[in-house]
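Trainee: This is what each chain is made of:
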Amino acid sequence: MEPPASVEVGVETLDVAIVQMKPRKGAYRENVRALRRVFSQLAHSPAPQLIVLPEAALTGYFLEGAVYDLALSTERIAADIAAEWQAEAGNDPVDLAIGFYENFEGTFYNSALYMSISNGAPSIVHTHRKMFLPTYGVFDEERFLSRGRRLSVFETRWGRMAMLICEDAWHAIMPTIAAIKGARVFIVPSAAPGRGVEGEEELESITRWRALLTGAALEHGVYVLYAGLAGFEGGKGMTGNSAIIDPFGRIVVQAPPLGECVLRAKVDLREIDLARACLPLLGDLGAVLPDLLLDDELPLPRAGADPASY
Amino acid sequence: MTNCHFRAPEPTLQVIEPPKGAELLAPSVNARVAAQWLEAFLHDELVVRRNVPRAVLGLSGGVDSAVTAYLCARALGAENVYAIRMPYRLSSAASLSDAQLVVDAIGVQERTIDISAAVDGYLQSETGADARRRGNVMARMRMLILFDQSAKLNALPIGTGNKTERLLGYFTWHADDSPPLNPLGDLFKSQVWDLARYLGVPRALVDKAPSADLEADQTDEGDLGITYARADAMLSQILLGYNDAQLRERGFSCEEIALVRGRVDATHWKRHLPTTAMLSNTAINEFYLRPVDF
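Protein sequence lines correspond, in order, to chains A and B.
The first sequence runs 3 to 312 under our numbering.
The second sequence runs 25 to 318 under our numbering.
For the record, the hints were derived by calculation from the structure and aren't laboratory data.
Computed from a predicted model, the values in this text were never measured in an experiment.
We put the CB at the ideal spot given by N, CA and C, even for glycine.
Just so you know, not all the hints are guaranteed correct.
Said to hold, decoys possible - Some chain B residues flagged as far from chain A (calculated, every beta-carbon gap over 12 Å):
| no. | residue |
| --- | --- |
| 1 | T36 |
| 2 | S52 |
| 3 | A59 |
| 4 | D68 |
| 5 | E69 |
| 6 | E134 |
| 7 | K176 |
| 8 | D210 |
| 9 | L211 |
| 10 | A233 |
| 11 | N309 |
| 12 | P315 |
Claimed, not checked - Dumping the calculated EDC-like pairs for lysine to aspartate or glutamate here, alpha-carbon to alpha-carbon at most 16 Å:
| no. | chain 1 | residue 1 | chain 2 | residue 2 |
| --- | --- | --- | --- | --- |
| 13 | A | K238 | B | E63 |
| 14 | A | K238 | B | E273 |
| 15 | A | K238 | B | E239 |
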């Protein structure tokens, strides 16, 4: 029997390492060096094919005005990481996704970079700029950062992927758009301050995150690779809880909320087609979505529409 | 035959509604989860970030400082926790003995420093000082001692204030609230009691009426005019944005709403640093913004 068209022969599995890390606040160089120690551990264990790191992984999340001091270009981040990888792994290839604060010609974003490193040279595959910037309660992103304007998917050796940064993943339309654009793997770098002590056995925010991620995986039949920042930042404890979730919505492996660690799993990409065959919601969505989006009752900007309506 | 037709009774369906009165209950806490989280917070702040793996705190004999001592001992080891008892000559004898129960239970290091001479040294020339002024002088004297002991012991002062007293402004500004770390500040008093029971704080401290012990026979609930359970239930809803009409619908009286909201609204300033006049485009904490751990 022929393999499903969506999966290339020889790339039926993806060996993933999610690095749950706790950067030192604002210490970019030091955190890059710490990453090198992680690479040293990973490069020979054997090396994973894809490494995923959290949001703001090399600076810490809550930077306030210091974001302007610490934001870097995508090229600079990619070059720094590639150099550290090469120092430990030589010319071995690896793909890597990481969240960082981006300075793009003086406009600042909360971004995630997907890169391929081969022979020590970085190749930037995609940069996603966070679209939903939390600016309420403990969060103040939009005061300092600009919003991304597009959710794009991108091609990798293991099929199409999308990146959703933290609150991006909380809006159901984001995984929906990513899935309908063909993403089979969602990479979710996150920095989630834990809160809520009335729940069962864990902080309530952890429970809510898990429900969101397993729900998205199940609804669209995708793998979710969730990389959570860990550690306390000024009393706000980041709930790591990094996780790999399969297309049936099951947790393959999950990290504890506290502390640094590496999650490793070789995920079977054929499970995506199996899950979608069992629960063909994505196919149904593809058929119905045009009707939903073209509904003229939706408050969207359209030619001739009254701006007050959207 | 009559016109009356027999009708079988409609089958009764179970009506399922939210439990009534839940809005009047104090917020709960999963004590195991909270204790683990606060232990991690203390370890991170003291050991990892500041590299000062020793804590000093005022042990009053009340439940807040007892819980704080337990958490510090879990995070740092009891040998790295310095509990300072700071009685005034009018303080309750039970406060001292209850504090000793904590010391005996967890084995933290203990010292007793009587503040009577220092407090009276100042107040002897302030004969008109009322109970509130005298209480504030005592609280600030304890703060002074705590910070001096922290320098001597190379240990960080740990605050013991809870969320209820912070919201009600029931503390002395720049005294109880002055330590750089406060593990209990986001827990209502009712939740602190739950945490105390989980941690195994001696019953004598958990069961007794809370008191600032600044005057004879003083109790917090007597001072405040409302029970902690009731205040916590209302405060938790005020913080979520419920207005007075909604609170009345939920079963709170006009008087207690006025009391609690009045105290909260009158004390916002106590939960902030001093107000600084802004004169430039680089005013600190207005334009120049850096997180506390940067």
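Trainee: Are the hints correct? Go through all of them and say.
Mentor: Hints and how they fare:
1. The beta carbon of T36 of chain B sits about 33 Å from the closest Cβ of chain A, which is more than 12 Å, so the claim that it is off the interface holds.
2. A beta-carbon of chain A comes within 12 Å of the beta-carbon of S52 of chain B; the shortest separation is about 5 Å.
3. Residue-level check failed: A59 of chain B sits 10 Å from the nearest beta carbon of chain A, not beyond 12 Å.
4. Residue placement check: D68 of chain B does not keep its beta carbon more than 12 Å from all beta carbons of chain A (closest about 4 Å).
5. Non-interface call for E69 of chain B relative to chain A: violated, since the shortest CB-CB distance, roughly 7 Å, does not exceed 12 Å.
6. With a closest Cβ-Cβ approach of about 27 Å to chain A, E134 of chain B is found to remain outside the 12 Å limit, as its non-interface label requires.
7. Against the 12 Å criterion, K176 of chain B stays outside the reach of chain A, whose nearest CB is about 26 Å from its own CB.
8. For D210 of chain B, the non-interface assignment is contradicted: its Cβ lies about 8 Å from the closest Cβ of chain A, within the 12 Å cut-off.
9. Non-interface status of L211 of chain B relative to chain A is broken: a Cβ of that chain comes within 12 Å, the nearest being about 8 Å off.
10. Against the 12 Å criterion, A233 of chain B stays outside the reach of chain A, whose nearest CB is about 25 Å from its own CB.
11. Look at N309 of chain B: its CB is around 10 Å from the nearest CB on chain A, not clear of 12 Å, so calling it non-interface is violated.
12. Not every CB of chain A is more than 12 Å from the CB of P315 of chain B (nearest about 5 Å), against its label as outside the interface.
13. For the given pair, K238 of chain A sits about 13 Å from E63 of chain B by alpha-carbon distance, which is consistent with the 16 Å threshold.
14. Under the criterion of a C-alpha separation no larger than 16 Å, the hint pairing K238 of chain A with E273 of chain B is inconsistent with the structure, at around 34 Å.
15. Proposed proximity of K238 of chain A and E239 of chain B is contradicted: the alpha carbons are some 37 Å apart, above 16 Å.
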